[in-house]
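> Line by line, the protein sequences give chains V and X.
Quick note, the first sequence lines up with residues 1 to 513 if you use this note's numbering.
Quick note, the second sequence lines up with residues 1 to 101 if you use this note's numbering.
By construction, these hints were calculated from the structure, which means they are not laboratory data.
Careful, some of the hints might be misleading.
A partial selection of chain X residues facing chain V, derived with a Cβ cut-off under 8 Å [what the hints assert, rightly or not]:
#1 Gln-54
#2 Val-58
#3 Leu-85
Just so you know, even glycine gets a beta-carbon here, dropped at the ideal spot from N, CA and C.
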Amino acid sequence: MIKTVLGRELPAYIEGYGEVKPFQGAVSNERIKTRKAVKLTSVIPRDQKVLASLDQALDKLNIIDGMTISFHHHLRNGDHVLNMVLEALAKRGIKNLTVAASSIFPIHAPLVEHIKNEVVTGIVANYMSGPVPEAISRGELKKPALMQTHGGRPRAIESGDLHIDVAFIAAPTADTYGNINGVEGKSACGALGYAVSDAEYADKTVVITDNLVPYPACPIEISQVFIDYVVQVESIGDPRGIVSGTTKITKDPVALLIARMAAQVIQASGLIKDGMSFQTGAGGTSLAVAAELKDIMKREGVIGSFAAGGITGYLVEMLEEGLFRALFDVQCFDLEAIKSYRNNKQHQFMSASMYGNPHTKGAVVNNLDIMILGATEIDIAFNVNVTTGSDGVIMGGSGGHSDTAAGAKLSIVVTNLMKARLPIIKDKVTTITTPGESIDVVVTERGIAVNPRRVDLIEKLRKTELPLLTIEELKLKAEKITGVPKAIKTSDKIVAVVEYRDGSVIDVVRMVD
Amino acid sequence: MFLIIVEKSNEVIYIKITKIAKAGTLESNDILIMVMPNDSGNIELELESIVMQQFGDVIEQVILHKVKEMGIEGITIKAQDKGALDYTIGARVETAIKRAI
Chain V
1 MIKTVLGREL PAYIEGYGEV KPFQGAVSNE RIKTRKAVKL TSVIPRDQKV LASLDQALDK
61 LNIIDGMTIS FHHHLRNGDH VLNMVLEALA KRGIKNLTVA ASSIFPIHAP LVEHIKNEVV
121 TGIVANYMSG PVPEAISRGE LKKPALMQTH GGRPRAIESG DLHIDVAFIA APTADTYGNI
181 NGVEGKSACG ALGYAVSDAE YADKTVVITD NLVPYPACPI EISQVFIDYV VQVESIGDPR
241 GIVSGTTKIT KDPVALLIAR MAAQVIQASG LIKDGMSFQT GAGGTSLAVA AELKDIMKRE
301 GVIGSFAAGG ITGYLVEMLE EGLFRALFDV QCFDLEAIKS YRNNKQHQFM SASMYGNPHT
361 KGAVVNNLDI MILGATEIDI AFNVNVTTGS DGVIMGGSGG HSDTAAGAKL SIVVTNLMKA
421 RLPIIKDKVT TITTPGESID VVVTERGIAV NPRRVDLIEK LRKTELPLLT IEELKLKAEK
481 ITGVPKAIKT SDKIVAVVEY RDGSVIDVVR MVD
Chain X
1 MFLIIVEKSN EVIYIKITKI AKAGTLESND ILIMVMPNDS GNIELELESI VMQQFGDVIE
61 QVILHKVKEM GIEGITIKAQ DKGALDYTIG ARVETAIKRA I
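Extracted from the complex, chain V is given alone in its bound form (with noise of 0.2 Å):
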């Protein structure tokens, strides 16, 4: 066994994963990386890309045994381009391939019959919910999942870590000639971040389309340099589950309470100035802090420099009311999203890469100032779990979160102290997807805990009204009405590996009994 920087006890190597890279620490200073030479197939004059099925791409792809093949979540809970593709494939009794999906989601649950069926024997995902995630939790993948992180993923891919052979990008709208985007067609979704890596590291790149133009497709969000093939399918998702129509700041006072508080740590931090940068998360909770931010810059009169993330019509008002110079976008999370990233030039589409990606010139999430986050669990080493809950069942994952922890200046955990009986603070999360050193301040609504790292902010928050409190009183407050919870059980097996953004393995998932 070998140890990570945070105690965590990993065996040196798993089978099916690998060596394992212990996590030392969120900054490492071995700075010099490389990114992969692609072996790829050169278009030649009047060589033609459009075919006429998913059935003949698959029969000119060659896809065999033990391939890894490539999915961008921007279709989210509508997406039926996963289900359409492993369909094909496990009819052809292609077995042991690596499904490499940014995002899992429940509408993927047809993975699971083919993952009993060992079609799929592995999966590497940022994030994952439903069928499929409970279905690896209880041991029936058949290799451990690999999580990873938004930065981590686009970082994986480039370096080589992850090699894809076939990327199949689901585009809301594509011309003859492979040039993709989302913004027009019945099937948009906006950015397209998740898949550029996909796009320009794999072997070949397929577009799937329920929406094929006339050459050229404008704008081009990714290029006709990186396509193969462009098949038209008749639906690539349904628009219900790809965006929301609108995205409501949350009315539950405990949460409106929550945002409060959080809004005054920003202020208090200093952080509140022209040029200021912010990111959220689209939970009611991340949104209403938002809220509460406008209010404060509207009144003292400052104007950002940016926002990132995924993007909602929120932030879209924030810019149209002139709160942020720019947007950063790598996903649309609604309609109102899509339609300024579509009409707006300060709205500005970066890849995953750009966005989180540690092994590059420099991701946004260095230039973030005020990163909102959530938690499932946090311990009082500020390690926190969004990762699985706290039955031991994988129900999420990193997405941007420890990428974007890693990068803010100010790194905030907004949380209930305690959900449906069970405490948030614990002595040691269940699985620990960002380290504490990334988290600065965690708010809840009985009480306030600065990272003792963080003197500098604990000084200025003591001149505060604020309830400040060790995170260790936190967690005895939660208890006291809670009560203590009894330590889940789970057997040795290892069922997902989380790796760092870095990628570096910052712990494991056991199955659960």
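The hints should help you fit chain X onto chain V, whose structure is shown.
Leaving out everything else, chain X in the frame of chain V:
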């Protein structure tokens, strides 16, 4: 879900419930309690909880303690817990029983 049967003892005077009654909801942080009379004279508990692994034992104790404290016998309790705290559980059980007497 699990089922517990507590056999009646003869040392205390017990009260019987006469009808089926409910208290609580299936909202988060609440518990839905349904009580009904049974002929065995025992306390029978069927418990389902989203925090069964972490708090199943505690929830069971709180429910049984409340039933005994109220001196009830011959009762079947179906409890669907959504993460209720102990005082909520106690109050829901007490209300359901009072509605059933």
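> Against this structure, judge whether each hint is valid.
Hint by hint, here is what the structure shows:
1. The interface hint given for Gln-54 (chain X) is met, as the beta carbon of that residue sits about 3 Å from the closest beta carbon of chain V, less than 8 Å.
2. Contact between Val-58 (chain X) and chain V, as hinted, is supported at the beta carbon level, the nearest pair being about 6 Å apart and thus within 8 Å.
3. Hint status for Leu-85 (chain X) relative to chain V: holds, with the closest Cβ pair at about 6 Å, below 8 Å.
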